[in-house]
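**Student:** Respectively, the protein sequence lines represent chains A and B.
Just so we're aligned, residue 3 is where the first sequence starts under the numbering used here, counting upward by one.
Just so we're aligned, residue 319 is where the second sequence starts under the numbering used here, counting upward by one.
If you're looking for bench data, these hints aren't it; they were derived computationally from the structure.
The C-beta atom is built at its ideal place from N, Cα and C for all residues, glycine as well.
Don't take each hint at face value.
[Stated by the list, open to error] Only some residues are given here: those of chain A computed to face chain B with a beta carbon under 8 Å:
hint: 1; residue: TYR41
hint: 2; residue: PRO42
hint: 3; residue: ARG69
[What the hints assert, rightly or not] The calculated lysine to any residue pairs, modelled on SDA-like cross-linking and capped at a C-alpha distance of 25 Å, are:
hint: 4; chain 1: B; residue 1: LYS396; chain 2: A; residue 2: THR7
hint: 5; chain 1: A; residue 1: LYS54; chain 2: B; residue 2: ASN392
hint: 6; chain 1: A; residue 1: LYS58; chain 2: B; residue 2: HIS418
hint: 7; chain 1: A; residue 1: LYS54; chain 2: B; residue 2: LYS396
hint: 8; chain 1: B; residue 1: LYS360; chain 2: A; residue 2: ASP98
hint: 9; chain 1: A; residue 1: LYS62; chain 2: A; residue 2: ASN4
hint: 10; chain 1: A; residue 1: LYS51; chain 2: B; residue 2: LYS396
hint: 11; chain 1: A; residue 1: LYS62; chain 2: B; residue 2: THR331
hint: 12; chain 1: B; residue 1: LYS396; chain 2: A; residue 2: GLY43
[To be verified] Computed list of chain B residues with no C-beta within reach of chain A, every gap over 12 Å:
hint: 13; residue: GLN324
hint: 14; residue: VAL361
hint: 15; residue: SER376
hint: 16; residue: ASP381
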Amino acid sequence: GNSVTQMEGPVTLSEEAFLTINCTYTATGYPSLFWYVQYPGEGLQLLLKATKADDKGSNKGFEATYRKETTSFHLEKGSVQVSDSAVYFCALTPRDKIIFGKGTRLHILP
Amino acid sequence: EPEVTQTPSHQVTQMGQEVILRCVPISNHLYFYWYRQILGQKVEFLVSFYNNEISEKSEIFDDQFSVERPDGSNFTLKIRSTKLEDSAMYFCASSEARGHEQYFGPGTRLTVT
Chain A
3 GNSVTQMEGP VTLSEEAFLT INCTYTATGY PSLFWYVQYP GEGLQLLLKA
53 TKADDKGSNK GFEATYRKET TSFHLEKGSV QVSDSAVYFC ALTPRDKIIF
103 GKGTRLHILP
Chain B
319 EPEVTQTPSH QVTQMGQEVI LRCVPISNHL YFYWYRQILG QKVEFLVSFY
369 NNEISEKSEI FDDQFSVERP DGSNFTLKIR STKLEDSAMY FCASSEARGH
419 EQYFGPGTRL TVT
């Protein structure tokens, strides 16, 4: 079946630190992969996406590369800011519905 | 920029009562979805809806749940007889076509007491 596994949180970093949030998936076929972000008290926003192997999604300084050989889609950012504090969800869509990981809460300290 | 809207933002109800959660998808979108997020847990798919029919539903979406598009703009989720475990944030989403990006609403927090 289809599933997403992402690293447990919370993750606490200092401002300007390098961020990696690991995500691996299992899927039949060739799903599209996503990272969604949920800021405190708000809904889900699409952060970035990749639709095929070796694609790199990027937005707001965040990047993730669709790695078919390792079934991974790790989220990275070179220098985090306090405003990046949120919950990050890795997700895939094999066709229609979205399957989410459990989410990783990120705290950035000033 | 067009957005998905949901009402109410917070609904409190007693166990056994019926609730209707409302969503207004983006106007030219054809596919509609409901997801839920129990506090502190992951977001789970409930149901997808296209052409006035349910396309797919999860195990969670049992006979207590129903969806409807009563007019050209609204998309509703009804829970017939709420249980304590239905307390969650419910998100509506819509997309232009199957497999396209889904746009999420801000959610309705349902509290069942």
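**Student:** Any hints from earlier that this structure breaks? Give me their numbers in increasing order, please.
**Tutor:** Violated hints: 1, 2, 3, 4, 5, 7, 9, 10, 11, 13, 14, 15; rest satisfied.
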